[in-house]
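Trainee: Chains as they are written, first to last, in the working numbering: chain A, 1 to 323; chain B, 1 to 279.
Source of the hints: derived by calculation from the structure; they are not laboratory data.
Heads up, a few of these hints could be off.
As the list claims (entries may be wrong) - The calculated label-pair distances, taken between Cβ atoms and stated as ranges, are:
(1) B/P4 to A/E228: 55 to 65 Å
(2) A/I309 to B/P67: 14 to 24 Å
(3) B/S227 to A/M1: 36 to 46 Å
Said to hold, decoys possible - With a Cα cut of at most 20 Å, we get these calculated EDC-like pairs of lysine to aspartate or glutamate:
(4) A/K307 to B/D69
(5) B/K124 to A/D154
(6) A/K120 to A/E10
(7) B/K124 to B/D162
(8) B/K157 to B/E224
(9) B/K159 to A/D154
(10) B/K124 to A/E157
Bear in mind the structure is a predicted one, so any value in this text is a computation, not a measurement.
Each residue gets a CB set at the ideal place from its N, CA and C atoms; glycine is no exception.
Residue-level listing of the chains:
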Amino acid sequence: MRVIEEGKAEFLKVDPDGYRGYVRENKPHQMVSKLMSHKDAVERFIRDGDYLAYDCNYFQRGPSSLIREIIRQNRKNLWLCGKFTYVACALLVEAGCADRIDIGFIGFGPWISRAVREGKCKIYEYSNALITLRLKAGAMGLPFLPARSFGGTDGFERSGCKLVEDPYTRQPVLLVPALNPDAAIIHVHQADEFGNSRVFGTGITHQECALSSKRVIVSAEEIVSTDELRRDPARTSIPHFAVDAVVHAPFGAFPGTVQGYYASDPQGVVEAMGAMYRGDFRDYLKKHVYAVASHEEYLDKVVGAAKMIEMRRREPIREGYVS
Amino acid sequence: MSTPAEQFSEREFVICQIARLVEDRYIYWVGGGGEPLSSALLAKRMTAPNLQYLTEDGVVGPEALVPFDPLMTMISSRANYRALQWGTMNYAADLAHLGYVDYGILNTLQVDRFGNVNSTVVGKYAGGEGRRFGGPGGADSIAALAWRTILITDQQKRKFVDRVDFISSPGFLDGPGARERHGLPPNTGPWRVYTPWARFGYDKNCQLMLQAIAPFVTVEQVLEEMSFKPDIADTIEIMEVPTDEELLVLRTEIDVGGQVTDRGRWVELKDGKYRFAQQ
Numbered sequence: 001m002r003v004i005e006e007g008k009a010e011f012l013k014v015d016p017d018g019y020r021g022y023v024r025e026n027k028p029h030q031m032v033s034k035l036m037s038h039k040d041a042v043e044r045f046i047r048d049g050d051y052l053a054y055d056c057n058y059f060q061r062g063p064s065s066l067i068r069e070i071i072r073q074n075r076k077n078l079w080l081c082g083k084f085t086y087v088a089c090a091l092l093v094e095a096g097c098a099d100r101i102d103i104g105f106i107g108f109g110p111w112i113s114r115a116v117r118e119g120k121c122k123i124y125e126y127s128n129a130l131i132t133l134r135l136k137a138g139a140m141g142l143p144f145l146p147a148r149s150f151g152g153t154d155g156f157e158r159s160g161c162k163l164v165e166d167p168y169t170r171q172p173v174l175l176v177p178a179l180n181p182d183a184a185i186i187h188v189h190q191a192d193e194f195g196n197s198r199v200f201g202t203g204i205t206h207q208e209c210a211l212s213s214k215r216v217i218v219s220a221e222e223i224v225s226t227d228e229l230r231r232d233p234a235r236t237s238i239p240h241f242a243v244d245a246v247v248h249a250p251f252g253a254f255p256g257t258v259q260g261y262y263a264s265d266p267q268g269v270v271e272a273m274g275a276m277y278r279g280d281f282r283d284y285l286k287k288h289v290y291a292v293a294s295h296e297e298y299l300d301k302v303v304g305a306a307k308m309i310e311m312r313r314r315e316p317i318r319e320g321y322v323s
Numbered sequence: 001m002s003t004p005a006e007q008f009s010e011r012e013f014v015i016c017q018i019a020r021l022v023e024d025r026y027i028y029w030v031g032g033g034g035e036p037l038s039s040a041l042l043a044k045r046m047t048a049p050n051l052q053y054l055t056e057d058g059v060v061g062p063e064a065l066v067p068f069d070p071l072m073t074m075i076s077s078r079a080n081y082r083a084l085q086w087g088t089m090n091y092a093a094d095l096a097h098l099g100y101v102d103y104g105i106l107n108t109l110q111v112d113r114f115g116n117v118n119s120t121v122v123g124k125y126a127g128g129e130g131r132r133f134g135g136p137g138g139a140d141s142i143a144a145l146a147w148r149t150i151l152i153t154d155q156q157k158r159k160f161v162d163r164v165d166f167i168s169s170p171g172f173l174d175g176p177g178a179r180e181r182h183g184l185p186p187n188t189g190p191w192r193v194y195t196p197w198a199r200f201g202y203d204k205n206c207q208l209m210l211q212a213i214a215p216f217v218t219v220e221q222v223l224e225e226m227s228f229k230p231d232i233a234d235t236i237e238i239m240e241v242p243t244d245e246e247l248l249v250l251r252t253e254i255d256v257g258g259q260v261t262d263r264g265r266w267v268e269l270k271d272g273k274y275r276f277a278q279q
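Next up, chain A with everything else stripped away, as it sits in the complex:
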């Protein structure tokens, strides 16, 4: 295959055989219970230097409680999969947890801009859909997939993409390198103790994230029985064998929404956006992360029952979300 043009950026090594070997040796092929606390899940499955993917974002059915736990445990040198993101990357970079970002879309703010200028944070350019395609390639066990976008942009040379001559049509086509993150965190509506999970409604890339990533933590609004899942198998979004840890996280997406379960907390959303735009998450992190030891304590002391009731009340729509 003739390579016409190549992006010059560093990208996570493409190694489908290595990933197959990892799946054989390390993925939990047998149904075993994986229920554990946020603390245990992050301690065991998120490591310094990991390439970390999260599905959705801090505001929209995202794994917000796991992001806070990663910050609480002070992980270092993460490489972030920054697609479809308002504040998650800025939070992790400001907290000192991350220093590389693949960008589809992220809220920048002055802090990341400064970190980039000072050489403390490296950035690589993609688009949202190219990143989800990279995860899809990773989730298919393939080294790459073609796409018909992104060629000719200025992001191209700052990515790991290549423009090649398609051996079938002889036309130029873009290739994206497969992405197999070291770790992924995904927030779902329901999961059983083994990790079989249901996402209701639209999403960005939950299934691809789960299947492409070496270590996967699922946080779930509800823990349900396996019998319940077997009643409607077409609604299982993620199979247990892709999942390493299951965390029960009611209001896990706070301050964001989980569609069909609760609306966002606009005050909490604006508070986080404001901190990002100011480039100062110190007070935010103190209040929302460091002041408490766990997600349970956070819901109890920082969020409070009144707010949670209000968020449920403001989400009257059930169509499509009830099981």
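Based on these hints, arrange chain B on the given structure of chain A.
Mentor: Here is chain B on its own, set in the frame of chain A:
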């Protein structure tokens, strides 16, 4: 039934222009929020009740329940209410690759004469020197894969430039044939550029051409707020102002809090002429 409004903002003006283009018989991929989504929602209420649009999270043809909470234009129950189908981002990109997306509607930070879109950096990229923005997001897929792309930008010299500082999403790149050389599907690309003051189109050579202006500005005013001189059509059309009916729906059902329309200058009819209100 349609009464030309006597007062409106220039932002409302551009939303109404785009809403009038939107038809039931096409499929749209709209940028998540702002003017693109407001235009689609307005069209659905005015003239296109079976409107089908996609957003990045793979929603197909929702009957969105407005207003939304701040930022909740995707992956929320109200934005995705009563859709025909729910998917994910790769599904949205698949549909666009397949050719189902007739039109993309995009808001832009900076746009140039070839319709290239910058949403990455204003100023120099190297060393992080320029002012950095979020990146292409879903816009690169829309701009590359929709058959026709409608771009929206402000009528300001620094936003409407000869060459964008960074191509985040492709227009015609550097001219005829360039999209195909870089792997993009043939017969696609920018189709119209709208600002609150003017409408532009493209000729066969990918050259931007001023086609129409708002009744509250002159051609000279439009050209003053551009960093380069576009081609100018032989006859410049004067675009029709919003109607009272459109504005009622926009203000009371779609942009209730003024999140989208509460920017830009106010226009009023005075002595038989539309002009900017004294501020």
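Trainee: Each hint needs a verdict: does it hold in this structure or not?
Mentor: So, going through the hints one by one against the coordinates:
no.: 1; hint: B/P4 to A/E228: 55 to 65 Å; result: 58 Å, holds
no.: 2; hint: A/I309 to B/P67: 14 to 24 Å; result: 22 Å, holds
no.: 3; hint: B/S227 to A/M1: 36 to 46 Å; result: 41 Å, holds
no.: 4; hint: A/K307 to B/D69; result: 15 Å, holds
no.: 5; hint: B/K124 to A/D154; result: 12 Å, holds
no.: 6; hint: A/K120 to A/E10; result: 16 Å, holds
no.: 7; hint: B/K124 to B/D162; result: 16 Å, holds
no.: 8; hint: B/K157 to B/E224; result: 7 Å, holds
no.: 9; hint: B/K159 to A/D154; result: 18 Å, holds
no.: 10; hint: B/K124 to A/E157; result: 15 Å, holds
Comparing the model with each numbered hint stated earlier shows that all of them hold.
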